[in-house]
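Student: For reference, the chains in residue letters:
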Amino acid sequence: MKKINVMQDVLSSNEIIALKNHEYFKKNNTIVFNIMSSPGSGKTSVILETIKKLFNYKILVIEGDIAGDIDAKKIEKSGTDVYQINTFDSCHLNASMINTVIQKIKKRYDLILIENVGNLICPVEYNLGEDYKIVILSVPEGHDKPVKYPKIFEKANLLLINKIDLMDFSDFDFKKLNETLKKLNKNLQPVKISCKKSLGIEEWINWIKEKISLLPG
Amino acid sequence: MHEYSITESIIKILKKELKGKKIDKIVKINIIIGKYSGYSSESIDFYFEILKKGTIFSSAKLNFIIRDIELECPECSNKFTADSVFATCKNCGYDEKFNVISGKELLIESLETE
Ligand SMILES: Nc1nc2c(ncn2[C@@H]2O[C@H](COP(=O)(O)OP(=O)(O)OP(=O)(O)O)[C@@H](O)[C@H]2O)c(=O)[nH]1
Ligand SMILES: [Mg+2]
Ligand SMILES: [Zn+2]
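Chains as they are written, first to last, in numbering that gives the first Met the number 0: chain A, 0 to 216; chain B, 0 to 113.
Chain B with its partners taken away, still in its complex shape:
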């Protein structure tokens, strides 16, 4: 349900973007999704398959470009990728709150037509 409304937003944004443009068949929508975005690409895909019916996106597939979680240590400025925000700095041992440099994003990158 969480991803239902976000998938609706994706379609809404794209429709707005394409308004007034002459578009051939859209075959692919590239989405950038961070591992710490809070959204599951599987669920977005699931809802997209339902919501695309009868729209200009009916033959489109979603392609997810996954962004890793990149953290910066506030103690020693060490930057590294991690699987979660609960991490330990290999450089100085710091293990509290890190700055999240990337991994939170959910962006529509581009569209591809036939």
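If we strip away everything but chain A, and leave its shape as in the complex, we get:
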């Protein structure tokens, strides 16, 4: 028997491409948000609200779905540039998929909003080269999700609590949510929104604008 040492980080191959993507975005002065949540929490709805409010900016939306282009069509309707990525057998976007889109980009954008595949588990393991990770949790999913899926909340830069218009029909407990978040990510301040009733959107937009203002130039 012979032993061959390997000692390689399995996730490093994605990491190398993610860094390349990040360099490209930086060079172009583009700020990139990776938006993640369970299926149906409101990723597309949040993106639609955001592009409505940020009409002064050059925006690209990248839609990641296992199949279909329903969400991309919705974005297209608003007149915003959009790329659809179909991941087929994969439950998350990876850096190489985003790199393929970069190869096709013909102009400069101020910001890129990436809608990841609806999934609270896998997308967080794959950096795409983004500047910020946004996680959306919706009221009907319950306040205990960070206990069950800790990693995504640990890595998030911002947490949006969507569908707060449904609070009256729910036992969602913000106090319990905050107790869990304290153990995972002390900087995570949940921003409460409702895309349906246009509540709290201003606070989220201000957060984005603040991040844009941090860009050089």
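Read the hints as simulated data drawn from the structure, not as lab findings.
Since the model is a prediction, treat every value here as computed from it, not as a measurement.
Watch out, some of these pointers could steer you wrong.
[Stated by the list, open to error] Mimicking DSS-like on lysine-lysine, the simulated pairs with C-alpha atoms at most 27 Å apart in a straight line are:
| hint | chain 1 | residue 1 | chain 2 | residue 2 |
| --- | --- | --- | --- | --- |
| 1 | B | Lys-15 | A | Lys-174 |
| 2 | B | Lys-15 | A | Lys-147 |
| 3 | B | Lys-103 | A | Lys-185 |
| 4 | B | Lys-15 | B | Lys-27 |
| 5 | B | Lys-15 | B | Lys-103 |
| 6 | B | Lys-60 | A | Lys-1 |
| 7 | A | Lys-72 | A | Lys-105 |
Fit chain B with the ligands to the given chain A structure using the hints.
Tutor: Quick look at chain B with the ligands alone, frame taken from chain A:
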């Protein structure tokens, strides 16, 4: 599905590693996996058995070396192993966010040939 692409990556990395090398039959692949890596060794194993067919790894078995979650208390620097990141420091009672020293890793450690 989560582990499908990671198993593909494992095979890809190993193929690259072995490129141009003369290799006898590979019988074992040692993988270090942390309890907080987010990956299940059972699922990786499941996909490996499918994906190894027709490759140089077709007679290989995966061997998982499990790493515990090791936490450090930011208040009193107490280090201890835990079953999850939701823990309480036995030394000072702190129960918020701990520094994770190990337990997140997923590494290919080594290969064994016949
Ligand atoms: N009541 C209520 N419903 C909402 C709100 N935001 C979104 N929805 C609804 O929730 C459903 C899912 O919203 P999407 O924006 O498609 O969610 P998504 O996360 O993009 O879903 P996937 O792409 O399938 O993962 C739709 O029927 C929306 O109309 C909200 O604030 N309140
Ligand atoms: Mg969507
Ligand atoms: Zn302590």
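Student: Just pull the numbers of the violated hints for me, sorted ascending.
Tutor: As far as the earlier hints go, 1 and 2 are violated by this structure, in ascending order.
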